[in-house]
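Novice: The residues making up each chain are set out below.
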Amino acid sequence: MMNRRDFVRKSAGAGLAAGAAIGAGGYGKLWTSTSSGAKYDLVAVMGGNPDAMFDLGIQELGGLGTFIQKGQKVLVKPNIGWDVIPELGANTNPLLLKRVIEHCFRAGAREVYVFDHTIDNWINCYKNSGLEKIARSAGAKVVPANSENYYQQINIPGGVKLKSAKVHELLLETDVFINVPILKNHNSTRMTCCLKNMMGVVWDRAFWHSNDLNQCIADYALFEKKPVLNIIDCYNVMVKNGPMGVSKEDLVQMKSQIITTDWVAGDAAAAKMLGIEVARIEYIPIAHKMGLGNMNLDSINIKRIKM
Amino acid sequence: MKSPFLRRFRILISALVFICFFLVFVDFRYIIPADYFNYLLYLQFIPSAIKFYDLQTMIAGGFIIILVLTLITGRTYCSFLCPLGIGQDIFSRIGGRIRRKFRRYGFKKPFTVVRYSILAATLIVTFIWGIYLVTLLDPYSIFGRFITLFVKPAVIVLNNLLSGLLGKFDIYALSHTPVKGYPLLVYSIPAAFFLLIGGLSLTRGRLYCNMICPVGTFLGLISRISIFRIKFDESACTRCGRCSVGCKSSCIDFLQYHVDVTRCVDCFNCINICPDKAISYGLVSLKKKEHQTDEDKRKFIAGSLMFLFGLSQTARGQEARTPVPTKASTVKENKTTPVCPPGGGSIAGFNKDCTACSLCITACPNNVLQPAWLQYGVAGMMQPVMDYHRSFCTYNCTVCTEICPTYALRPLELEAKKLTQIGKSNFIKDNCIVKTEKTACGACSEACPTKAVYMIPYEGNLLIPEVNNEICIGCGHCEFACPTTPYKAIFVDGNAVHQVARKPETKEPEVKTPVEFPF
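Just so you know, the protein sequences line up as chains A and P, in that order. By the count of the working numbering, the first sequence reaches residue 307 at its end, each step adding exactly one. By the count of the working numbering, the second sequence reaches residue 1519 at its end, each step adding exactly one.
It is possible that some hints are incorrect.
Derived SDA-like pairs: lysine to any residue, alpha-carbon spacing no greater than 25 Å straight-line [what the hints assert, rightly or not]:
| hint | chain 1 | residue 1 | chain 2 | residue 2 |
| --- | --- | --- | --- | --- |
| 1 | A | Lys248 | P | Lys1168 |
| 2 | A | Lys306 | A | Ser147 |
| 3 | A | Lys306 | A | Gly62 |
| 4 | A | Lys272 | P | Val1511 |
| 5 | A | Lys166 | A | Ile123 |
| 6 | A | Lys161 | A | Pro285 |
| 7 | P | Lys1438 | A | Gly48 |
| 8 | A | Lys240 | P | Leu1162 |
| 9 | P | Lys1507 | A | Lys127 |
| 10 | A | Lys133 | P | Leu1162 |
| 11 | P | Lys1180 | P | Met1001 |
| 12 | A | Lys289 | A | Asp41 |
| 13 | A | Lys226 | A | Met290 |
| 14 | A | Lys240 | A | Glu282 |
| 15 | P | Lys1435 | A | Asp262 |
| 16 | P | Lys1438 | A | Glu277 |
| 17 | A | Lys303 | P | Val1511 |
| 18 | A | Lys133 | A | Gln153 |
| 19 | P | Lys1418 | A | Ser247 |
| 20 | P | Lys1002 | P | Ser1285 |
| 21 | A | Lys161 | P | Glu1459 |
| 22 | P | Lys1277 | P | Arg1103 |
| 23 | A | Lys133 | A | Ser147 |
| 24 | A | Lys127 | P | Asn1038 |
| 25 | P | Lys1332 | P | Thr1506 |
| 26 | A | Lys306 | P | Phe1517 |
| 27 | A | Lys39 | A | Gly108 |
| 28 | A | Lys240 | P | Val1245 |
| 29 | A | Lys141 | P | Asn1159 |
| 30 | P | Lys1438 | A | Ala206 |
| 31 | A | Lys225 | P | Lys1168 |
| 32 | P | Lys1512 | A | Leu95 |
| 33 | A | Lys255 | P | Lys1438 |
| 34 | A | Lys226 | A | Gly71 |
| 35 | P | Lys1002 | P | Thr1112 |
| 36 | A | Lys289 | A | Lys306 |
| 37 | A | Lys226 | A | Asn149 |
| 38 | A | Lys248 | P | Arg1093 |
| 39 | P | Lys1231 | P | Leu1006 |
Keep in mind the hints are simulated off the structure, nothing from the lab.
With the sequences and hints as input, model every part of the structure.
Specialist: The following block contains the structure:
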């Protein structure tokens, strides 16, 4: 439930944001939900702040209202896996998460939920990433995912290695699911992004690790509850020592963002950002072959924007 | 002073103290800041005394305040500040509800030999051998262990029932917290003490405090010269005996108009009970008393010398069994040395100062600290030990070092803690998924905060872990994350003496900021 204080804060924030956007250059359709004309498979934005890039990028896809209907419950799943401050870029950028939540409410979402099954201590991760506070301030419900109690068994028909999993109840209970990963180097899969971010909605990750990690990551993408949109944070990108990072020297400021409905394409584009050959990130070609998306960026409709 | 407010004042203060201790120990959401722990524990006698012995500063001077307080007021500590004492008072009340008989105490002779023997044994063992009897008998530590092992899980279960209920209404304010038990054996010591102290307090009032507790006996000795004490107004007393019946310390001999100050805990119940207002609390009267010879005490002192000699010999016979690291095996998990928490300095040093109060165990946000059974040897039972099969040590956390009331764990700045090597990791390649299954894993390296565990090229496109122990701090996240069973493919072996790890190197990345989209 939203209390009065949240409401006031949220309204004020949204008003300010809209006003600022209009003042900045007449993005009149910023909040409109009509899908107008050009529809792209993937929108890539470069050169702005995370929130401004999202404003611009989502507009190209007709606004978030294209993906959310009024009164729906929305799950926004960022990466909050690490007990690390925002400057070290191990978790999704707080500004981006905030703006995505604001767009959800603007599009008529009844409720927005945020959680992650963290790797470090969950209380510390939620707090030190800055994500709990900012998501709450934007009006979202930040929900724990630290106990098996919150997870429910699902089946994954067609999975090669991963035939079932326990997923967070809110993934099942919400109407719409939006994936907001951060692009990072990963020590064993070489990259973590859209598909691998889903390890944060399942309970038993150890099974994935001991049963062909790459195949499990691809298998999970078969599950029916797929994200309507993947918003990839490529603002500060961890290019080594991932996925946790050791110091700021592990980051490269790319000031980019990729928004896509096709998470395999999103991962393929992200791989190029990291300068890695797509084929070397094994779960991408596997998922492509399983028909879960298109990793051939030449054959999809891409909109590139530089701010 | 005959005011009934004395008793109410005692109940108010003790209730506050008890509630604070309760909250600090069951705070499973880790809301209470570490500073508050230190304020609360400042006045706990044994922890403060040990900390003072280590530091020799007034930062740890709480026990001196207690000594002065006892000199002035008698054993008020036992009624006002000791959480175990307050807990016993609660039990006594419950006992009285069950059977009124349980609350009728009456004057009894003191267990002089028993109590002074225990005090002497505790002192002797502590000075000759180590802290072990203190660990066992310190009232605050007994209380801490009990709350940590029995009460906290019960509170979490309640929380979970409530959070489950709220969850049905889409309220996630309370989060479900998994109840994490400890190895079964470690429950035995707190359980035994609970039965002993719980049973005694239920039926016999403060008998534990006056027969066994070394702190009580010691403060009782000091109370002999205290300035304020319970007194009789002989002219007003009608010898009805109600004070004696109501005294949970069984220390009022109303026929002699005598209160045994070594056992009186200044609960002030007698003042309120007395119908004649003949009992008061005030300055000691300088009335000369006839000299009494305490036969028991003479026997005790005589016997003590023999006992003392014999005991010191037994004590020397058993050396503190600090495990010594041997060469690690490469075939299977072979832990030679337990991992002692950061701030401990060395296992031997840590074992010497810890009273096993369990405060760090309950305060650890990751539940990696577990009460030891025999990992440190018999002497270190119930002291905290890192258990990396259950959890791991959070990189950005120094809580246990901040709150330790005895300084067995010394405060570490976060930057220092991040370089404190409490153990080293050992990789067992033959257990590793990457080798056995020929599939990617890397859970260990993924979790490693310093990248002491990193990946190197293996067959084909695969990467396999490698360990650099110069920068490993022994946090155990690799061991915890490793999915292999029953033996882990990577494990941490403790450092008997903690070392300083090298700082991880930082290098400029090769990838550059893109100017154009690479796709």
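Novice: Can you give the numbers of the hints that this structure goes against, from lowest to highest?
Specialist: Result: hints 1, 2, 7, 8, 9, 11, 15, 18, 25, 28, 33, 35, 36 and 38 break, sorted rising.
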